[in-house]
Amino acid sequence: MLGYLARRLALAVLTVLVAVLISFLLVHATDGSPGAIVLGPGATPAEVAAKNAELGWDRPLVTQFFDYLGHLVRGDLGTSIIDSRDIGQDLATRLPVTGFIALFATILSGLVGVFLGVTAAVRGGRFGTFITSSSGVALSLPVFWVGILFVYVLSISLGWLPATGYVAFADSPVDWAKSLLLPVLALTVGGAAIVARTANAGMRDALQAEHIRTLRALGTPAWRIRYVHALRSTSVPVVSVLGIQFIALFGGSVIIENLFALPGLGQASQAAVSAHDFPALIGVVIVATVVVVLTNLLLDLVVAALDPKVRTA
Amino acid sequence: MSVLPLDAADDVSTEVVPPTQRRRGLPAVLRRPGPAIAVGWLLLVVVLSFTAPLWRPYDINEQDLANRLSLPSGAHWLGTDPLGRDLLSRIFTAGAQPLLAAALTVLVAFGIGIPLALIAAERGRRVEQVISRTTEILMALPSTIILLAVIGVIGVKTYIVMAILGVLISAAVYRIMLGVAQSVRQRLYVDAARVNGLGSLRVNTVHVLPAMATVIAVQAAQLFGIAILINAGLAFLGFGPAEPNPSWGIMIQDASGHVYDAPWLLVPTGVVLALTVVAANVLADALAGKAAHVKAPARTRKTAPVRVVDGTPADPAAALEVRDLTVSVDDGPQLVSDVSFALQPGRVLGLVGESGCGKTMTARSLLGLLPDGVSVSGGSILWQGRDLVGLSEKQANAVRGREIAMISQEPMVALDPMFSVAYQLIGPIRRFRGVGRREARQVAAQLLRQVGIVDADRVLKSYPHQLSGGMAQRVCIALALTGQPQLLVADEPTTALDVTVQAEILSLLRALVRDTGLSVVIVSHDLGVVADICDDVVVMYAGQVVESGRTAPVLDDAAHPYTMALLGANPHVPDGVPMPTRLASIAGTVPAPGSWPTGCRFAGRCQFTQDECTVPFPALPAHGEGSVLCIRVDEIHDAGVRWHADRVGAETAPVPSAPTAGALS
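Protein chains in written order, with my numbering: chain A, 1 to 313; chain B, 1001 to 1665.
Just so you know, the hints here were simulated from the structure itself, not pulled from any lab data. Relax, there's no trap hidden among the hints.
Derived coverage of chain A by chain B (criterion: at least 3 residues anywhere in the stretch with Cβ under 8 Å from a Cβ of chain B; other residues may be distant): (1) 150-157; (2) 213-219; (3) 244-256; (4) 288-296.
Yeah, the Cβ is synthetic: ideal placement off N, Cα and C, and Gly gets one too.
All chains should be modelled from the sequences, with the hints used to inform the complete structure.
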């Protein structure tokens, strides 16, 4: 178990390093020139070269890489070449916005998805077919389209929620929650569908397992067979898919933050892409990778806690 | 959308389809309406998109300023956009790029993933480890963000970006394909092909790849849908074709700006995009065969029709009396016909016969645990004077465990792998005996010692996967004893165990009968087990009792030809007799339910069959309280003929001595 965790941890660190290397090489290996971007099309080659030198981009690649790593270890992600803001600080204020959206959407997807998937598996019949086929449709819908439909129905037609915009938690917790509700709901449609499918398949397999017959032969009450024994086996695939969902929602935040004008990580990455802000790009890749890697580690721990086969290995 | 939820990866059947069955797979999928419509829609979108310049009613930039943001009309079938441009023309003009780009992603992902999987599966563990670790890292990268970074550096170059997406996804493809490739390679025919001297490339292209076809098709369809969504998402963010060129993403972005004044704008593009992805997923599901039938799971069946049962037991001493029990598939053939037997307290009764003779169905009906779609359609099961047939689920639950308990064939899967032995024992102990947790734990340890487990405390803390087969079966027996039942139904309790462990379990059962006065119904195909432990035996053939009685007379002086045949086929050779070179077996197979002949059901395989055997015939008394179901029983007995095991032995394959000529190595 400890050896397993140590290996996962090593792989996690390696993954972050690879992400740094890939994004670093990507930015440097092509003829990306921050000088040209900062100074705009009017600048002369000499001016561009001078600017590049000022930004340290004329140094050997290896020097720059280890310089960057050195700063990274101290938590310094550098400054934007567009507006000189501290990238680390900027992303730190944005991380909670995206994080809470992804977290709430994951939790809601989990609750709704497990409820639907398990109910469909237990009740079966037409209801079961309806749930499985409609979740097949729901997970295919583009999230931005679903988001706009929700804006149309919930904000415009019914007027229940603000369409776009973000209110900081510190300003008004209630409005903060309201401003997150639509994005979370939009993300939950596909998320819950995927969880529902996983829970449904897991529950159906579990209810057909051989050991269920042992339980029935002991006169175990049906609720206990379903919601203690079968649900427990189902929990492992469901937790795994929830982890994948959280990661996916984190990545998908770019689109949802664009749609709802939320100041999160996704918005920052879109801005960095549009402006060719290279240091900001690398920063976003690193932060996103760290989130993925941490989520995966947490997932390993939760699965180990749930599954005795992993735990006692 | 970042981490490629190839969500079916886990539940898609990675079962390998043998080449002969595979051919019929694809068209069969299209015979069902859902996938047929999906394929139809995909074809329609592809054709309309790639031919759009030929048929579109308007040029994509032609502005009908008088009809801006119009609803569908005769002039504009799907309406117009904010500049008065025709939506129909623009949607399908925009279609070609996402379709091509998604296909490119799929091609790249599979072009990298499949060869890597084939190499890893072929080259052994070292290579596989290196490739697998590398792909694990690739999979843990946030792909959406990386794609955005690529765009940030190289600009909006859709095809390059989508090819890079393919590279990122290839890791997930590799993971799925590796599992399939490994299982294909484990199949005999691949190794046989190798022995035949086929080169590695040929083995892969001729044998491995075709067997992977279904999984590849499923994953490709699903990945195609995901790639279209990602492509549209990027366009939505403005990283797609630039104005005035249309793209699905930017058209939906446009619509979001007009959601107040022209919500219709959202519909046409969104529906075409959504339907295309839905179609890809429907197709993937259909290929995986999982959307096929969502079968209703176990539901409490309606109780069997109430029948008037003559409550007076024929044998007042019997604890269990099964009378004319008939079990059938609902609206289908009988599986068990008119089975009767009685069991006295403290005795062991064996149900024997080949597979498919209805032994297990008979045994499971005692607990009301028949599989879905199978139920008792006639007769009665009198348990201590009460008929168990037709009990409600609740009433049956009160009997299960408390009065009648069961142990099953495969102890390794009979325990819940997620819970410790202690948990699984303590639950029923508390329920049955109304004791607290601590006391229940003591009872559990005591039960484990009773079934011969010395190290009870360690076993209590164990999980099922940590137990050996024999140990697991002991735990199962302890579990069955938690409710202090009077009858134990044991379905092939030793079949899955090693020979030495079999003997231990049998002697444990014998000791339990002796010490606790338990009655046992034991299902077995092994006459050795029956001779070893049973007081009474019921021989079943094709759903009927063909012979019954005390074990000793039935086995020593079998009256029914089937019993004789079973005895002749029994590989338990007496000591001192050399093992025959040919194992005797009974020629032919048990006829399937629904195809049972009207007369003697064994007639087709019997050495003594004559014309009279084709008419129905009632059972005759035999072996004291037993019975025999054979019209010629007296003739055969009087003539003193024996079943000639060697006569059929000639028709069976010789006992394999050694694998023939390296082909299986």
